[in-house]
Amino acid sequence: MNEYLNIFFVILRRDLTLAFRNKSEFINPLMFFVIIIILFPLAFGSDSALLKQLTSGIIWISALLATCLSLEAIFRSDFEDGSIEQLTLARYPLTLLVSAKVTAHWLTFGLPLIIVALLTGLVLSVPSQTMLALLITLLLGTPVLSLIGAITVALTIGLRGGMLLSLLILPLYMPVLIFSMLAVQNATVGQSIAAEIYFLSGILVLAITLAPITTAAALRIRLS
Amino acid sequence: MSLYKKCHRWFHQFASPKYFYDISHIISKYAIVVCIICFIAGLYGGLILAPADYQQGDSFRIMYVHVPAAWMALFVYVVMAVAGGIGLIWHIKLAEIVARNSAPIGASFTFLALVSGAIWGKPMWGAYWVWDARLTSFLILFFLYLGYIALQSAFEDRRVAARAGAILALVGIVNIPIIHYSVEWWSTLHQGSIISQIDKPTVHMSMLIPLIFMVLAFKTFYVTSLLIRVRTEILEYESNTSWVKQLLRDYKNVTN
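In order, the protein sequence lines correspond to chains S and E. Start counting the first sequence at 0; every next residue gets the next number (numbering that gives the first Met the number 0). Start counting the second sequence at 0; every next residue gets the next number (numbering that gives the first Met the number 0).
Excised from the complex, chain S in its bound form (with noise of 0.2 Å):
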């Protein structure tokens, strides 16, 4: 059990670290982010009152969109050099190896955008209430982005085309997006939101059981 906790560090470590030496790879997502949260204001007008109503959607389709595009970091680095080849043939459990990755992804990608969606949300001068209710759906449901992503990712990677990537994965966010969106409007009038923070919870509690052993089995079937 130690030496599984000791290898899930180690994995953690070592994509903590790539992405740090790497900059641009996990900056230029969250630009991608703040950019596209910019550019409501710019076509809708800024008439604050609209704007108001939006922004709590804005920033989740922003975050939806940022996700798509840094997704492909998680394996094609690793995908491109072959050590993913050497990762299925460790002797380690490749499940293991995956969680380590995609904890390593939430953590230089979820997180840091969370930080962010709250600056942008202090800043565009979203209700205190709304706001609460903004960071929990965004701290439930960016870990099931990351999870669910992986498993297309696994599956897509080395074909040719992100855009098979965006295709496949939207609808299956969908869901999270429909719940945290319930949880905001219902915040925004000041209702309670609980029941859409257990669904939330429920699909992530779903999504770590589940989505790395799918991970797993997609990148046998790549890379077979």
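In short, the hints are calculated from the structure, not lab data. Treat the hints with care, as some may be off.
Pairwise CB distance ranges, derived in the manner of DEER restraints [to be verified]: (1) Ile88(E) with Thr87(S): 14 to 22 Å; (2) Tyr18(E) with Gly157(S): 34 to 42 Å; (3) Ala89(S) with Ile22(E): 39 to 47 Å; (4) Gly157(S) with Ile211(E): 44 to 52 Å; (5) Trp9(E) with Glu2(S): 44 to 52 Å.
A partial selection of chain E residues facing chain S, derived with a Cβ cut-off under 7 Å [unchecked claim]: (6) Ile139; (7) Leu143; (8) Ala149; (9) Ala153; (10) Ala160; (11) Arg162; (12) Ile166; (13) Val170; (14) Pro176; (15) Ile177; (16) Tyr180.
Quick caveat, the model's predicted, so the values are computed rather than measured. The beta-carbon is built from N, C-alpha and C at its ideal position, and this holds for glycine as well.
Please build the complex by placing chain E on the supplied structure of chain S, with the hints as guidance.
Leaving out everything else, chain E in the frame of chain S:
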């Protein structure tokens, strides 16, 4: 021979492409007959015999296309995922072929359900489309099908494509309960299911019986069109084997 062994043997025999090619010919012949009879009976019962609805008038009759198409859209997805799973676990080629060929048919059913719903929605709700839980979740289902088809065409090797597709289908199956229960979980504009209880349906018999015929017609239509596609792909897949070559030789002899 024990029952288990018999079942086991039958299972493997059924999964062999040659045996399936022969038996599916017979199945599809009967299925198309049942399909035509049910289709005529259902349409006659639904469009002519059934009385007009007291609220919706004659517009309700689109239900005879809409409801079976929507059911089949969900059903075909489950078939696709289960067949994909069987192919993934036991490496049965036939299951992979069934999964792959179900996708375009299921996508068509989903499209039909969406379009017939939109045509019905215009006079009833005053809009072709509303952003309602049931409608949106069906649109998701449509995109799941399209994503599956896109993934299939992205791979050169069919067997790898089938296994990758199976994983995607199994992940997407999480959405099926959400779609199915969306009418009950959220208060939506879409009306609830009319046949939730078999013993006490909330719809009159004269309207229900044609619907059952239509459901049977759609189901047998799916079986027929699936088998035609599967048989074609089996021939393509097995084109190097002796039995297919023999089949082609026989066919040439007959046509000459």
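Against the structure, the hints:
1. Ile88(E) with Thr87(S): 14 to 22 Å: holds (19 Å)
2. Tyr18(E) with Gly157(S): 34 to 42 Å: The hint (34 to 42 Å, Cβ to Cβ) holds, given that tyrosine 18(E) and glycine 157(S) are roughly 36 Å apart.
3. Ala89(S) with Ile22(E): 39 to 47 Å: holds (45 Å)
4. Gly157(S) with Ile211(E): 44 to 52 Å: For isoleucine 211(E) against glycine 157(S), whose Cβ atoms are near 48 Å apart, the range 44 to 52 Å holds.
5. Trp9(E) with Glu2(S): 44 to 52 Å: Check passed, 46 Å falls within 44 to 52 Å.
6. Ile139: holds (5 Å)
7. Leu143: holds (5 Å)
8. Ala149: holds (6 Å)
9. Ala153: holds (5 Å)
10. Ala160: Not OK, violated: alanine 160(E) not within 7 Å of chain S, min 10 Å.
11. Arg162: holds (5 Å)
12. Ile166: Holds, because the Cβ-Cβ distance from isoleucine 166(E) to chain S comes to roughly 5 Å (cut-off 7 Å).
13. Val170: It holds, given that the least Cβ distance between valine 170(E) and chain S is near 6 Å, below 7 Å.
14. Pro176: At about 10 Å, which exceeds the 7 Å cut-off, the nearest Cβ of chain S leaves the hint on proline 176(E) violated.
15. Ile177: Status holds, d = 6 Å.
16. Tyr180: violated (12 Å)
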